[in-house]
Amino acid sequence: MNLLRQYVQSILNARKLLIITFLLCFALFIYAPFTITLLRSVGKDWFGKAWLPPTLTLDWYKWAWEIGQVPEITKNTLIIAALAVTMSTLIAIPTGWAFGRRNVPGKEVLMSVILLPRMIPPIAYALGVARIFYRLHLVDTHFGVALAHTAICAPYAILVLSSTFEGLDERVLEAASVCGANAVRTFFHVILPMVLPGILSSVIFTFTTSYNELTLTLLTYGVHTKTLPVRTYLAVGEGYLEVTSAMAVILVIPSLFVLFMIQRQVAPEKLVGGFKGV
Amino acid sequence: MSDFLRRQRQSILTLLMLSPGFAGFLGLFFYPMMVTVVRSLRPEGQEVGWTLANYIEFLSKPGTRQVIVLTFVLAISSTLLSIVLSVPLTLILREKPWGHRFFRLTVLIPITVPGLVGALGLLVFYGSRGWLNLFVTQVLHLPKLNINYTVPGLILFYLWHYFPYTALTTLATLEGLDRSIEEAASVAGANDWQVLRHVVLPLIAPGILAGSVLTFMAAFGSFSIPLVTGGNYRPLSVAIYTQIESFTPARWSMGSAMSVVMAILQVTFLSIYMRVLRRPMA
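Going down the list, the protein sequences come from chains A and B.
Everything in the first sequence is counted per the numbering used here, starting at 3 for the first residue and increasing by one.
Everything in the second sequence is counted per the numbering used here, starting at 110 for the first residue and increasing by one.
Extracted from the complex, chain A is given alone in its bound form:
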């Protein structure tokens, strides 16, 4: 009996060990690439068989900053992302409201039509976008690149906001009007506080999409509208691994901030969900 208990216990222990090993391997799989990039960006004379860089330096960041024109490119990226977020949100508020709270015939079908740009790979319509933008002289303008980003950001904003608006409790609105609040008051004191988290998560997601976007940017950017992903892509081609790593580290900082926001503000599964009926 005692032997049996020992045996069961050992299996349980082994299972625990297995779980820990699995989780450690998983963390290694995800984080090791970042760690080595970070070390590359501060390491000097790191050749051959060394596990860690022999000397540390910040020179690569200086290079990235000066030769890679990181400040100007960061400015471009943020302007474009801000424009794309604004346009997507402005599009998504009325349309999301209609989808979430009004009687729209054929809602499911219309919604999947709206989501089509996220289901077709962007490269499939990127050539068309580029040709149209060339004709309208929108290529190499902040507005043009942001407009191209809106093509993939807006459907997502509509999706998030429509589910936010759908979740508004009718009874609270009724209560507000029973208590004598007029439409303006109801909007500012009741509706707005209730939908703000939804709008915030839509802003976070559209910002991330625009900030990371490379496909449509590569076909619409120019000398004046290089974004950080484009610059990093060009740097990879140029082949200075250390400077590229420094750029990559700079590129990743806002994403980590966003990650923190996501963790605090919204349920992560919302990040991928939204294809109703799947």
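For the record, the hints were derived by calculation from the structure and aren't laboratory data.
Given the structure is predicted, the values throughout are model-derived calculations rather than measurements.
The C-beta atom is built at its ideal place from N, Cα and C for all residues, glycine as well.
Hints are supplied without guarantee of correctness; some may be wrong.
Cut-off 27 Å, straight-line C-alpha distance, at most; resulting in silico cross-link-like pairs (DSSO-like, lysine-lysine) [to be verified]:
no.: 1; chain 1: B; residue 1: 253; chain 2: A; residue 2: 46
no.: 2; chain 1: A; residue 1: 51; chain 2: B; residue 2: 205
no.: 3; chain 1: A; residue 1: 46; chain 2: A; residue 2: 64
no.: 4; chain 1: A; residue 1: 64; chain 2: A; residue 2: 77
no.: 5; chain 1: A; residue 1: 18; chain 2: B; residue 2: 205
Per the computed footprint, the stretches of chain B lying under chain A, defined by three or more beta-carbons under 8 Å from a beta-carbon of chain A, are [said to hold, decoys possible]:
no.: 6; stretch: 177-191
no.: 7; stretch: 197-210
no.: 8; stretch: 233-240
no.: 9; stretch: 250-257
no.: 10; stretch: 364-371
Fit chain B to the given chain A structure using the hints.
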């Protein structure tokens, strides 16, 4: 009468509210897609005339089959691997072990961080001077592994970038699962493995498949990852970009024809996938 008018006004208002969304859809997606289709039917470099020559040339080129097969191989195998990785991971995370919040955050990393950063890190890590090869040569004393710029390497990189879609959906499904069903099964005498195999897995299968659709879509359309890490292996997306980037003058018509083929393949495959999903699970 006034009721009729009011209803009329309400539906006009709905229409007005929907219009920005559909204007965006038409202007930024539908019109570009149509321009792409028209361009693909024009002779290369000309603005007039209709021809199918671009499609015929693309579909009859010897390299085309390889490109399409590669695209599907990458997408399908990374999707399958994402399921293999996600199921045990989410089963563990569901038990809320020590540090589970950290691992939940870890799952989000590949889809929040710019794809290029991940791609660069993976290239360095798995490269000939990276840590993996240091481990293989110095600790295990084995010959160097070639991972970068090979098909298995690309599949690994795709897995890194796109497994969160499967994992997050599976995790959400698992957490929505009613624990009492499993308890009933184990009270009825099923051991852990039987509970997992006959109760939990069938119940979360729809969630797993729904997540894997998202992984498949992302992997099929992936552009920046194979662009940077693919080397000589070019899936459709990169092959399209090559038509514009590496030819002077750019081969817009050819690129457009390939874009149309890609869109059709994606839609066809997705609708088959959805149909399979919608079928009631046996």
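Status of the hints after comparison with the structure:
1. B:253 to A:46: Given pair residue 253 of chain B, residue 46 of chain A holds - Cα atoms ~24 Å apart, limit 27 Å.
2. A:51 to B:205: violated, 39 Å
3. A:46 to A:64: Since the Cα atoms of residue 46 of chain A and residue 64 of chain A sit roughly 14 Å apart, the hinted pair holds (cutoff 27 Å).
4. A:64 to A:77: holds, 17 Å
5. A:18 to B:205: holds, 13 Å
6. 177-191: violated (count 0)
7. 197-210: holds (count 5)
8. 233-240: holds (count 5)
9. 250-257: As far as the stretch 250-257 of chain B goes, the hint is violated, because 0 residues have Cβ atoms under 8 Å from chain A.
10. 364-371: The restraint on the stretch 364-371 of chain B holds, since 5 of its residues have a Cβ under 8 Å from chain A and three suffice.
Hint violations for this structure: numbers 2, 6, 9, all remaining hints satisfied.
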